[in-house]
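Colleague: The residues making up each chain are set out below.
2 protein chains.
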Amino acid sequence: MNLHGGDIYKYKDKNLIDFSSNINPLGVPKSFKCKLKAQIDNFTKYPDIRYQELRATIGEYLDVPCNDIVVGNGAVEIIYKSVSALDVDQIIIGTPTFSEYKRAADIAQKPCKEVEVFTEDKNVGFENLYNHISHNSLVVLCNPNNPTGTLIDVETISRLAQKLHDKNSWLLLDEAFIEFTAEYPFNSMTSRLNKFNNLIIVRAATKYFGIPGVRLGYGLINNKEMVKRIKEQMEPWSVNTAAAIAGTTIFKDQEYIKKTRKWINDERGFLFKQLKRIDNLTPIPTQANFILIKSNVLDAWQLQERLLAKNILIRTPEGFTGLSNNDFRVAIKDRNSNKKLVAALKEILM
Amino acid sequence: MNLHGGDIYKYKDKNLIDFSSNINPLGVPKSFKCKLKAQIDNFTKYPDIRYQELRATIGEYLDVPCNDIVVGNGAVEIIYKSVSALDVDQIIIGTPTFSEYKRAADIAQKPCKEVEVFTEDKNVGFENLYNHISHNSLVVLCNPNNPTGTLIDVETISRLAQKLHDKNSWLLLDEAFIEFTAEYPFNSMTSRLNKFNNLIIVRAATKYFGIPGVRLGYGLINNKEMVKRIKEQMEPWSVNTAAAIAGTTIFKDQEYIKKTRKWINDERGFLFKQLKRIDNLTPIPTQANFILIKSNVLDAWQLQERLLAKNILIRTPEGFTGLSNNDFRVAIKDRNSNKKLVAALKEILM
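Those protein sequences? They're chains A and B, same order as listed.
For any residue, its number in the working numbering is found by taking its place in the first sequence, counting from 1, and adding 229.
For any residue, its number in the working numbering is found by taking its place in the second sequence, counting from 1, and adding 229.
None of these hints come from the bench; they were simulated from the model.
There could be a bad hint or two in this list.
Heads up, the list lumps identical chains together, so a pair's fine if it works in one copy or across two of them.
Computed list of lysine-lysine pairs in DSS-like fashion (alpha-carbon distance at most 30 Å, straight line) [to be verified]:
(1) Lys396 - Lys262
(2) Lys491 - Lys274
(3) Lys568 - Lys396
(4) Lys239 - Lys453
(5) Lys396 - Lys569
(6) Lys568 - Lys274
(7) Lys339 - Lys460
(8) Lys523 - Lys259
(9) Lys259 - Lys241
(10) Lys457 - Lys569
(11) Lys457 - Lys568
(12) Lys487 - Lys274
(13) Lys396 - Lys424
(14) Lys331 - Lys453
(15) Lys502 - Lys274
(16) Lys274 - Lys481
(17) Lys505 - Lys274
(18) Lys274 - Lys259
(19) Lys568 - Lys241
(20) Lys241 - Lys262
(21) Lys539 - Lys491
(22) Lys243 - Lys481
(23) Lys266 - Lys491
(24) Lys243 - Lys460
(25) Lys460 - Lys239
(26) Lys569 - Lys274
(27) Lys569 - Lys487
(28) Lys342 - Lys460
(29) Lys460 - Lys502
(30) Lys259 - Lys491
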């Protein structure tokens, strides 16, 4: 099992502010807490093996037919099972990115190529990607990308999907962070799902809604045969009862969604501006709820150590492919925490 | 995805007594409900990717070293990942039994043979099994077996494990129902785990503790290399926060365990005796919390239909390999429900 860069459990005796996980700081939605407490005795039943109610609520949330939805034990299960269900000759992963795509390819024993896509100039990155596309392949992209925060527009994605379609190839698009972007839902490919039968959109229900411990991911696929093949790879009852209950409340929690939009729109700009003013740091412009930062003097581990002394945990480059030793990632948190991070970085670097 | 025989969600508008799932009727332990409610905000963190506290509590419960424990999203995850991690030439499954072993072998694309082990005479069954054992193979047995309720003693299992060891082969022993047996813990192989490095014991934390919706299974393996290989197959964070919290309370809940032992010891004898008196039914002697019954006139689906009219759901043979159309399974429930089942069967059959 891979370890991931910011391991809060390693420091469980310290009272850290955790900038290493990209989780909505508004925390567990009240609507979910109430429903889980009220239905706590439901744990004594097996979940519905077909997850009919859960898929219906997701379908309503995204205006997507229930039969195009596959639910899983977190987005990672959808990624792993999709990669293993697809009968392709090559997997092309756009980097720098989250290392689990590579790991999924390795476990499925499929040849895998990493191609730099999320470069400073997106056009150069995409040209690079186009040069590598072959017949009967799978391209994996994260949008907005983790850890760079880069967002690719739907027109560009659509052209890529069409090109891949022409080459009998697939696109797996990880939209785990899409709801945090300013123009959501207009930059999500869900609205074009019905245009492509070679597109797998992966979504994580639980980052935006602050409940990663619940484990609820889902895939959107307008292709009956592929839905069937992914389900054939899955273990029964892989989505637990808490996740099934969460799915029936969080997507309808307008108060939580409204508060989240206000928070991210305020804090993304604030934190980025503050970080930009710090000597020897170069934050990368982001559309997501995290910021990748290049450190010009200390490497990521040195910086992590100095920040730990101030009870702050950041994400070092393990868990990503294609980063340098001087790259680190911070989550965007509440104003008070963000201020503490900025103050700590200033003390260390200025 | 396989559908399993008793699908309560198919009949969600009816208020059924569910004899199709083998779940402890005492329901969700209070100790778990209290702790989950108190720690409900923990859902906003990722679970510990190494599950250190959870493995420590399981280790304490069974007196097994933490490093020999792998936790999973239900026992099925441990079964699937073990089967796919083992580099064997053949998988031999003792039947009649739960169909997920066969499915795990099929998904891992490993040759698989089904051998009748749980016959009326256990000696005949075991002789049959010994005749089929080959070098570099995996034998899968469920103990006590689902759906027959047959228990194999530790001496017999140990001899088999030794024989398999001599043939460079493995034994996967599914002890999901072992805690329900009268002589537990003396009939569990956990106490002999340290004697065999070719033994994988699979346990489900959540049947005995009445919380299948929580999804918590674990494997016990006294073999560092195999533990590593199974973990390499697993997706990160596959055990959710509710399951991790459950693991830290249920195994210490002596009140729940005591009540459960009293209930199963009373009801197993009661229900079996009552069923035996019904014409045209042959219940198979059981050591577990369920009873396999042979129906001499109606087939399982006809009987299911008649019982549904009386708001009772039983388990038909789908989901098992090696059963006949006249076999059905019932869970052992509380006295009141058990009486209702008996009365309904009498009305239909006598």
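Colleague: Honestly, which of those hints from before does the structure not fit?
Modeller: 1, 3, 5, 8, 10, 11, 29
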